[in-house]
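Student: Chains A and B, in that order, give the protein sequences. Numbering follows my numbering, in which position 66 of the first sequence is assigned residue number 141; successive positions increment by one, without gaps. Numbering follows my numbering, in which position 29 of the second sequence is assigned residue number 34; successive positions increment by one, without gaps.
One should not assume that every hint holds.
As the list claims (entries may be wrong) - Straight-line C-alpha distance at most 25 Å; calculated PhoX-like pairs for lysine-lysine:
#1 A/K372 - B/K144
#2 B/K14 - B/K170
#3 B/K239 - A/K348
#4 B/K203 - A/K348
The hints are simulated quantities; they were obtained by calculation from the structure and are not laboratory data.
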Amino acid sequence: MDCFYAAIEVRDHPELKGKPVAVGGSRDRRGVLTTCNYEARSFGVRSAMPTFKALQLCPSLIVMPTRFEVYRQESAKIREILHRFTSLVEPLSLDEAFLDVSHHQGDRASLAAIIRQLIFQKTALTASAGIAPNKMLAKIASDWKKPNGQFEIREAEVGSFIYPLPVNRLWGIGAKSTEKFATLGITTCGDLQKATRIQLHDWFGKFGSELYLLCRGIDRREVTPDRERKSLSNERTFSSDLTSVAQCEAQIPILFDELVTDIHKSGLLDRVKSVFVKIRFADFTRTTVEKSRAPLKAESFVELLRTGLDRKALNVRLLGLGVRFREEVESNQLELL
Amino acid sequence: MKFSVSKDKLLEGLSIVQNVVSTRTTLPILSNVLLQASEGEIRLTTTDLDVGVRGSVEAVVERTGATTLPARRLFSIVRELPAAEIYFDVDGRNFASIRSGPSYFKILGLPEEEFPPLARFDDARVYGIPQKELKDGLKKTSYAISTDETRYVLNGILFSFKENKLTLVATDGRRLALVDLELEFPKSQEVDIIVPTKAVVELQRLLREEGEVKVSIGENQIAFELNRTLLISKLIEGNYPNYRQVIPSEAKERITLERETFLTAVRRVSLLASEKSNSVKLIFTKGNIDIVANTPDVGEAKESLPVMYKGRDFSIAFNPEFLMAPLRNLSNDEVYLDLIDEMSPGVVKIPGPFLYVLMPMRLS
Numbered sequence: 076m077d078c079f080y081a082a083i084e085v086r087d088h089p090e091l092k093g094k095p096v097a098v099g100g101s102r103d104r105r106g107v108l109t110t111c112n113y114e115a116r117s118f119g120v121r122s123a124m125p126t127f128k129a130l131q132l133c134p135s136l137i138v139m140p141t142r143f144e145v146y147r148q149e150s151a152k153i154r155e156i157l158h159r160f161t162s163l164v165e166p167l168s169l170d171e172a173f174l175d176v177s178h179h180q181g182d183r184a185s186l187a188a189i190i191r192q193l194i195f196q197k198t199a200l201t202a203s204a205g206i207a208p209n210k211m212l213a214k215i216a217s218d219w220k221k222p223n224g225q226f227e228i229r230e231a232e233v234g235s236f237i238y239p240l241p242v243n244r245l246w247g248i249g250a251k252s253t254e255k256f257a258t259l260g261i262t263t264c265g266d267l268q269k270a271t272r273i274q275l276h277d278w279f280g281k282f283g284s285e286l287y288l289l290c291r292g293i294d295r296r297e298v299t300p301d302r303e304r305k306s307l308s309n310e311r312t313f314s315s316d317l318t319s320v321a322q323c324e325a326q327i328p329i330l331f332d333e334l335v336t337d338i339h340k341s342g343l344l345d346r347v348k349s350v351f352v353k354i355r356f357a358d359f360t361r362t363t364v365e366k367s368r369a370p371l372k373a374e375s376f377v378e379l380l381r382t383g384l385d386r387k388a389l390n391v392r393l394l395g396l397g398v399r400f401r402e403e404v405e406s407n408q409l410e411l412l
Numbered sequence: 006m007k008f009s010v011s012k013d014k015l016l017e018g019l020s021i022v023q024n025v026v027s028t029r030t031t032l033p034i035l036s037n038v039l040l041q042a043s044e045g046e047i048r049l050t051t052t053d054l055d056v057g058v059r060g061s062v063e064a065v066v067e068r069t070g071a072t073t074l075p076a077r078r079l080f081s082i083v084r085e086l087p088a089a090e091i092y093f094d095v096d097g098r099n100f101a102s103i104r105s106g107p108s109y110f111k112i113l114g115l116p117e118e119e120f121p122p123l124a125r126f127d128d129a130r131v132y133g134i135p136q137k138e139l140k141d142g143l144k145k146t147s148y149a150i151s152t153d154e155t156r157y158v159l160n161g162i163l164f165s166f167k168e169n170k171l172t173l174v175a176t177d178g179r180r181l182a183l184v185d186l187e188l189e190f191p192k193s194q195e196v197d198i199i200v201p202t203k204a205v206v207e208l209q210r211l212l213r214e215e216g217e218v219k220v221s222i223g224e225n226q227i228a229f230e231l232n233r234t235l236l237i238s239k240l241i242e243g244n245y246p247n248y249r250q251v252i253p254s255e256a257k258e259r260i261t262l263e264r265e266t267f268l269t270a271v272r273r274v275s276l277l278a279s280e281k282s283n284s285v286k287l288i289f290t291k292g293n294i295d296i297v298a299n300t301p302d303v304g305e306a307k308e309s310l311p312v313m314y315k316g317r318d319f320s321i322a323f324n325p326e327f328l329m330a331p332l333r334n335l336s337n338d339e340v341y342l343d344l345i346d347e348m349s350p351g352v353v354k355i356p357g358p359f360l361y362v363l364m365p366m367r368l369s
């Protein structure tokens, strides 16, 4: 879906049409934007940006509070449409899903157009689609003609499509890895294809073997409809190690806001079972502190962080916050309360 | 501190308190039992900060004093000691020498000052309840407590003191058990509190058939005093859901069942309830119930039970565990099953102040 939450807000508040609109936390409470529309993006505003920063870039930005209940309802309507075409639907979040339509005999691009059309008729919201031989390419293709567009990568075109593609478009390649590649003179997937499997393994460990395939446009993961999310986490590796408890604690609110946004997007808020903090020390050893039933508040994570830091008197390389979810039991049991 | 004590009495005292000992290793003192020797007795105390228990054991005290010793270790040592009498001598550095017959143990404790004090109850509301009644009430409700940690207000039993009644309620959101106990107390003592599972379990171990339990409710804490033992627990904070609204006001059909017969029939049939759906179906026809279960690719089970039933033919499915739980914990020969239709809650009743509401399962 195109700027899903922001698009819903504009749809439900017609007076916002044509104005820069974002959805997220308010400025005075250290909020972060969950999403924003294209008008806002033209000012340099991005999702996951702190609200105060977004307002500096775009003072006329209208920040709407999140209404996840509404977003969930819209998401359910959209899923219903997707399921008319295949039972192999793998939702990534409330506004994104993979569909396996390989059984479909006709032209897949026309099918995508029909689905997008139906979504628009039902919700008055626009969607973009990527049609490709595998999940990774479909995801990249879906961004290609955004908003309200679609793009198809055919089997025969994979090689020529992937060759000039910047490496940071691949899954698992973030800012740190891109930096590392730059020092190695690698900017495109084509550059990366010149590296051997062993080199990649040396650089990235196990993930290196996966990269070897990904940069060739090969992705063997299947669309798994009932994939159940067991946990969700958000972590950050620091360019220089954190040396004090206070420095570590200062990172919590930032990581926490991002985590909460991701949990909302996943639609699993009411299934959070436990919270945990992950710490990687300067010597690369890791520790995880977990607590069940703890409220989803920054304070809970601060408490766990302190416990974790007590375990080793070392500087900290990486901090992560996460939650684990309760299993969803497929049950015919009716609820009383 | 120096004393001698009978092995059996000490073992009994330790078994009362050792359940509460914390499994958290972060605070070693919580793995210890506090021993306080005064004139003629040893007081034993354990806590995990949520629940605390204190008991006492008769002893011949030569020198008063106090220390804390690792509770589980002490228990396993005492259990193995060869003689009927045990001699303790604890020095100022918390080294405990334990002698019994030819055996000698020396174990290191921690200073008593490190042991967290149990909560005090100064402005508490106090109630006296016959132990037998509370024991019975907890037995009839506690199995319905939720173990789902995300619904923490349900991880305990509601004690609702209202209009000269103590109502005990437990639910996991799918079934609900309720017992009323008659109890006199002034209007100013009306209160709703939630006692966490761990305290309920400990209390059930302590309650006997005779005597009273003195219950004191303070700010976020509850104390039970009974049989020379004190049990203190934090309360679960939060509002218990409005359980009254889920109790059906009237039933369409009332079926009288022989409790044992029905229980054993459901138990047998449930052997063929599939792990996935985990349901048994009750099929009502004139004068009869068929209890059936099946597991695809495995097989099916059916048992017929003649009953007084004159209503329309219909079927309803239940989780067999949920259906059997109250039957196991009741002692009446006969129980009533009140039903409305296949999608509405069923109610198990007895000729007494108890009811059990149970949601059916969708028939697939």
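Student: A separate judgement is required for each hint: does it hold in the structure or not?
Tutor: Against the structure, the hints come out as follows:
{"no.": "1", "hint": "A/K372 - B/K144", "in the structure": "violated (37 Å)"}
{"no.": "2", "hint": "B/K14 - B/K170", "in the structure": "violated (37 Å)"}
{"no.": "3", "hint": "B/K239 - A/K348", "in the structure": "holds (22 Å)"}
{"no.": "4", "hint": "B/K203 - A/K348", "in the structure": "holds (20 Å)"}
Of the numbered hints given earlier, the model fails hints 1 and 2; all others are met.
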